[in-house]
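J.: Letter by letter, the chains look like this.
2 protein chains.
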Amino acid sequence: MTHPLPTFEDVLEAGNRIQNYVIETPVLQSEALNKIAGIDLHIKAECLQETGSFKLRGATNRLLQIPIEDRSAGVVAYSSGNHAQGIARVSKRLGMPAIILMPSDAPQVKVDGVLADGAEVRHYDRNSESREEIAEELARERGAIIVPSYNDAMIVAGQGTCGLEFAKQIELADKSLDHLICCASGGGLIGGIALALEGKSPNTKVWAAEPVEHDDWIRSLEAGEIRPNAPGTRSVCDALLIQEPGSITWPIGARFFSGGYGVTDAQVFEAMRLACRHLKVVVEPGGAAALAAALFCLPENVKGSTVGVVLTGGNVDMDLYTDVLAGRKD
Amino acid sequence: MTHPLPTFEDVLEAGNRIQNYVIETPVLQSEALNKIAGIDLHIKAECLQETGSFKLRGATNRLLQIPIEDRSAGVVAYSSGNHAQGIARVSKRLGMPAIILMPSDAPQVKVDGVLADGAEVRHYDRNSESREEIAEELARERGAIIVPSYNDAMIVAGQGTCGLEFAKQIELADKSLDHLICCASGGGLIGGIALALEGKSPNTKVWAAEPVEHDDWIRSLEAGEIRPNAPGTRSVCDALLIQEPGSITWPIGARFFSGGYGVTDAQVFEAMRLACRHLKVVVEPGGAAALAAALFCLPENVKGSTVGVVLTGGNVDMDLYTDVLAGRKD
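Protein chains in written order, with numbering that gives the first Met the number 0: chain W, 0 to 329; chain P, 0 to 329.
The following block holds chain W by itself, in its conformation from the complex (with noise of 0.2 Å):
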């Protein structure tokens, strides 16, 4: 089966497509934080997004196409947490019914946003287990859609409206991004950021941040070939697992990403630590590793220039995270 690329004009008509379903996330700044990475840093808080995450957005771009008459049988979602929350909660709004695969190992406070919502949840786990058998024996079993968390093209094109947005942002703040660093997992996310920023702001060269040992989109784009992660490998950054770059990201990614960094548990709790100072947000893991990267990774080449991150998500465990605040964890 062959996917269709999205493009730049898809993640214009899923702006269109989704602006009352979403809110538009402000950017934030702080001297502070300037400081520290020796840039000018212009902060997208998706994490403030209903939901928690900017997975809302890609949800309600595909779930608004799927007709009417075909709603429903409902979907089958397999997401750590946060695609989870976008799912059940567009699900939701259009009377769909969703059941949604969680590892067991998710973060309860995804698992009750999700069933906040009224969806169903399975967790199965995450080692032995294969999420996509199973989702695809449950849409067997109840003629339901599976909606992929990032490798299908609604779904990137609606990410990349986050994009759009900040593009806009930037351009009323008569500024304009020399870099924008984006966290990468699947990459849905920055692939549609990526596109959406090829029509808005050319000249901005985009880089993936990711776990450092959970790498694989750096090594990939190395490499010029998808190059997977070791099987097992860990990170705090529950939100950015997947094992490799998906098969519409991953064009997208060797295209348009200038490389990647990475970053370790202890940078991000870090960057945790700083949301919750300077910029008064709270940020889960894998939503801090962007601005990780941007405050203790950059070549010296880069200081001086003007660096958009996004703060992707913000469901974080109140255990984990009163850990990371009180120094507990590094």
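These are computed hints drawn from the structure, not numbers from a lab.
Among the clues, some could well be false.
Copies of one chain are not kept apart here, so a pair can be met inside one copy or by any two copies together.
What the hints assert, rightly or not - List of simulated lysine-lysine pairs, DSBU-like, C-alpha gap at most 30 Å:
| # | residue 1 | residue 2 |
| --- | --- | --- |
| 1 | Lys91 | Lys34 |
| 2 | Lys199 | Lys167 |
| 3 | Lys302 | Lys91 |
| 4 | Lys199 | Lys34 |
| 5 | Lys174 | Lys91 |
| 6 | Lys91 | Lys328 |
| 7 | Lys167 | Lys204 |
The hints should help you fit chain P onto chain W, whose structure is shown.
T.: Frame of chain W, contents of chain P only:
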């Protein structure tokens, strides 16, 4: 000395004057919070303003009106911390020296914010010293201008720009606010917002939120005349400890406020936790008072209505914040 009362036109002028110096803070929504409160809640996250509170607005409006030839002598301000940070930031931007009187028990995060912007900090004892007298002495010595934290027409007008933005954002969402709840201390913000809504949304009722044992506005509004707090009353809301309504803010409140709600420390802590969990924003105790009132204090006849609240600041010491999130404070 008589003070001119600020008007709706002053707020409009302030909006034009300061628009390039402040960010338009987002209005957030949460289905989970709507469910708890039984209302349609629209939450203006002013804690995301630069310096972590709305105070940047009034400080900018006031200092921009100091003639350039008078700026070199600098300014003197007294504040528990948020006004201090607003003044320090604007002074730095305008190249003015600033000295700030802060109570010796001010949160360290607020002191650090002032120092980071290069202002000088002088501590005083909240219970035994008069900050007004110390400020006047310093101003005389240096020929500097005292910038009050709330009892000043241009400060009130500047804070009111938060209300202008809020009204515009609500209108864009095709809604209208039945009620607006904002914390009241000196009354500069809520007073300015009331002026803005008088012009932009005259059917919105404006309510004050206050610590339950520091409820000078509530008692004053009931009595129809100023009723100060008893000396020495305490609250965890360090930003809301002004003793009585000001000579400029009181007539605004007496005319435009419908009444108020007293909130307990426990309600404030729970509102801080819920803002973290469901809105992904960091709110200081005083900044959470209005949300606490909306969640826990509304009478039955308000249920089902559309209510705006302002989260006014996010400058909370990390130790206290982690204690609150961990449930060690109630």
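J.: All the hints need checking, so say for each whether the structure fits it.
T.: Structure-based check of each hint:
| no. | hint | result |
| --- | --- | --- |
| 1 | Lys91 x Lys34 | between (44 Å within a copy, 15 Å between copies) |
| 2 | Lys199 x Lys167 | both (8 Å within a copy, 27 Å between copies) |
| 3 | Lys302 x Lys91 | between (45 Å within a copy, 23 Å between copies) |
| 4 | Lys199 x Lys34 | within (28 Å within a copy, 39 Å between copies) |
| 5 | Lys174 x Lys91 | between (39 Å within a copy, 22 Å between copies) |
| 6 | Lys91 x Lys328 | neither (36 Å within a copy, 35 Å between copies) |
| 7 | Lys167 x Lys204 | within (17 Å within a copy, 35 Å between copies) |
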